[in-house]
Amino acid sequence: MEINYHRNFKNKTFIIWIGFYLVSMMAIGQKASASRVEMEDGFTYLFNGQDLDQWRGNKTAYFIENNNLVVRPEKGGSGNLYTKNEYSDFIFRFEFKLTPGANNGLGIHTPLKGDAAYVGKEIQILDNTADKYKNLKQYQFHGSVYGIIPAKRGFLKPIGEWNYEEVYVKGDHIRVTLNGTVIVDGNMKEASKNGTLDHKKHPGLERNKGHIAFLGHGDELDFRNIRIKDLSK
Numbered sequence: 002m003e004i005n006y007h008r009n010f011k012n013k014t015f016i017i018w019i020g021f022y023l024v025s026m027m028a029i030g031q032k033a034s035a036s037r038v039e040m041e042d043g044f045t046y047l048f049n050g051q052d053l054d055q056w057r058g059n060k061t062a063y064f065i066e067n068n069n070l071v072v073r074p075e076k077g078g079s080g081n082l083y084t085k086n087e088y089s090d091f092i093f094r095f096e097f098k099l100t101p102g103a104n105n106g107l108g109i110h111t112p113l114k115g116d117a118a119y120v121g122k123e124i125q126i127l128d129n130t131a132d133k134y135k136n137l138k139q140y141q142f143h144g145s146v147y148g149i150i151p152a153k154r155g156f157l158k159p160i161g162e163w164n165y166e167e168v169y170v171k172g173d174h175i176r177v178t179l180n181g182t183v184i185v186d187g188n189m190k191e192a193s194k195n196g197t198l199d200h201k202k203h204p205g206l207e208r209n210k211g212h213i214a215f216l217g218h219g220d221e222l223d224f225r226n227i228r229i230k231d232l233s234k
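Count along the sequence shown from 1, add 1, and you get the number used in our numbering.
Here are the computed distance ranges between Cβ atoms for each label pair:
#1 Asp52 to Asp231: 18 to 28 Å
#2 Thr45 to Asp132: 35 to 45 Å
#3 Gly219 to Lys138: 17 to 27 Å
#4 Asp132 to Asp231: 38 to 48 Å
#5 Asp231 to Glu75: 30 to 40 Å
#6 His174 to Gly196: 15 to 25 Å
#7 Thr130 to Pro204: 25 to 35 Å
#8 Asp42 to Asn180: 15 to 25 Å
EDC-like, lysine to aspartate or glutamate: derived pairs with alpha carbons at most 20 Å apart:
#9 Lys60 to Glu221
#10 Lys210 to Asp231
#11 Lys234 to Asp90
#12 Lys202 to Glu191
#13 Lys60 to Glu75
#14 Lys153 to Asp186
Calculated directly from the structure, the hints in this document are not laboratory data. This structure is a prediction, so every number in the text was calculated from the model and none was measured. Backbone N, C-alpha and C define an ideal beta-carbon position, used for all residues, glycine too.
Use the sequences and the hints to build the structure in full.
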């Protein structure tokens, strides 16, 4: 019996391609469905992959690339990108991808001027595995409220993979969930009532409203799926 190997190969290739396509469509469909559920639950997108209309600040170091919000050293990599609006109580969700040794931060309740770690609060975004960070203080590793509350370690995904994080803020209470695990859960004022861990003044502890910001330190990172639920409404 004559076998048309070329045709069989083409058929198999087509079947494999269809398989990949269907799996991709299922993933996109699941993601879209999850997004619809979030939107119905009161979340709104702060970054839609198309523009930075909901943000102000350094739009040179922070820009859009492949529908992601990225920060690149060749364009400065530092400076802050603030939400246009201010927030008090909220649930903030985002995904981020680290590069080796990457350092950034998430400012909350911060004004537009000053070091957000002190005039507001800063949740660390950091590659904990980098050798240069092996001697950091416990309150400096990823997810920690800088100088105030240390985070549990060991829940970041490998470098180059996307991480999912949720930051819940209600009054002075903060909860940080990384890839499904709660790594911070505490009251910021209660944690610092006998003095802050870094032994510095943090006037931002008295603030319960302000901007949310990405805080650049000259390193390369990617962000996506940035959304928020305003709990004060």
